[in-house]
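A.B. asks: Spelled out, the chains give:
Number of protein chains: 2
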Amino acid sequence: MEDLQKWIKSYPDFPSKGILFRDISPLLAEPKGLRLLKEKFVEAIKPHAPDYIAGIDARGFLFCTLVAEHLELGALMIRKPGKLPGELIEKNYELEYGTNSLSIQKKDLNDKSVVIVDDLLATGGSMKCSKELLESLGAKVVGGAVVIELKSLNGSSKIDIPITSLISYAD
Amino acid sequence: MEDLQKWIKSYPDFPSKGILFRDISPLLAEPKGLRLLKEKFVEAIKPHAPDYIAGIDARGFLFCTLVAEHLELGALMIRKPGKLPGELIEKNYELEYGTNSLSIQKKDLNDKSVVIVDDLLATGGSMKCSKELLESLGAKVVGGAVVIELKSLNGSSKIDIPITSLISYAD
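Taken in order, these protein sequences are the chains called E and U. Residues in the first sequence are numbered consecutively from 6, following the working numbering. Residues in the second sequence are numbered consecutively from 6, following the working numbering.
It is worth saying that the hints were derived from the structure and are not from the lab. Check the hints yourself; a few may be wrong.
It does not matter which identical chain is meant; a pair holds if it fits inside one copy or across any two.
Simulated pairs of lysine-lysine, BS3-like, Cα-Cα distance not exceeding 27 Å [unchecked claim]:
(1) Lys163 / Lys112
(2) Lys22 / Lys11
(3) Lys117 / Lys43
(4) Lys96 / Lys85
(5) Lys85 / Lys133
(6) Lys156 / Lys45
(7) Lys88 / Lys45
(8) Lys96 / Lys37
(9) Lys43 / Lys85
(10) Lys37 / Lys51
(11) Lys22 / Lys117
(12) Lys133 / Lys88
(13) Lys11 / Lys111
(14) Lys14 / Lys145
(15) Lys85 / Lys163
(16) Lys133 / Lys96
(17) Lys43 / Lys96
(18) Lys156 / Lys112
(19) Lys37 / Lys133
Throw the hints in and build the complete structure from the sequences for me.
C.D. replies: Listed below in structure tokens is the structure:
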């Protein structure tokens with residue numbers, strides 16, 4: 006945990022006042038950090054034996070192909086509105102103020118198992134929404150994995166799958 | 006080329022009328038496709054011997070970490086407005102109607118060489134803008150690599166670096 010954490014930089018009041026932003030940029034830019042990050046994701050995800058790794062737009066994309074390719078799996082994109090062509094399923098989720106929405110292309114995922122990856126688990130809204138989108142296509146979502154979890158927001162308690170966080174902050 | 010192309014799906018009139026959208030989703034979702042995609046990216050990029058792989062928000066993120074980790078390099082994010090914390094450099098680029106903008110975190114990239122990756126090269130606006138952002142930090146941009154190039158839009162002619170496209174369409 007500590008090995009990865011030393012490459013995270015914190016920015017007070019971003020993107021808005023009162024938010025302490027945890028930035029993964031230095032971790033990605035450091036070859037040893039990126040290699041270790043992949044190894045830890047793979048270690049967490051491999052036991053779930055998934056068929057697909059789904060990444061949440063946009064920073065989840067940094068990890069879904071990385072892990073999927075290593076494990077010889079396919080990668081799925083869960084995207085913000087207006088980005089995916091074809092027949093979609095869309096779903097709203099609540100933010101502190103207002104709502105956001107995510108979408109996924111229709112695809113037969115019956116009998117397929119999926120692990121969802123993202124950079125950050127905060128309130129858990131986008132992870133929960135992604136899980137429900139995948140389930141509506143027949144998938145069994147067997148786990149989630151994030152680089153950073155903000156424990157004080159209790160995001161993982163809202164999602165009934167095991168979630169691995171490589172780094173966690175108490176607040 | 007053909008090996009990868011068979012996993013690309015085309016959608017007429019997306020995101021707007023008259024545009025033929027080339028979708029990489031089936032390629033990413035196919036383990037053999039994703040593996041082959043990585044191998045071809047690595048083959049194209051390794052001879053440039055870069056220090057970093059920069060990915061353009063959002064679909065470039067699918068490839069920058071994948072290639073960087075394989076080559077034991079760092080990955081850099083070039084992002085849409087409002088997404089990156091810290092001191093930034095921002096730059097506008099022109100679209101057919103209006104302008105877009107991209108940003109990068111300030112970082113000393115003197116004597117560092119970078120390859121830029123993205124899913125698509127169309128008019129080349131975002132690739133050219135990304136190159137200029139990296140150069141403003143002192144980097145030498147030694148190449149670009151994309152999954153798909155739309156040749157009829159002449160994007161690569163606007164950018165004075167070698168650009169490898171894994172798949173190209175005449176129109």
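A.B. asks: Please list, smallest to largest, the hint numbers that this structure does not respect.
C.D. replies: Result: hints 8, 11, 17, 18 and 19 break, sorted rising.
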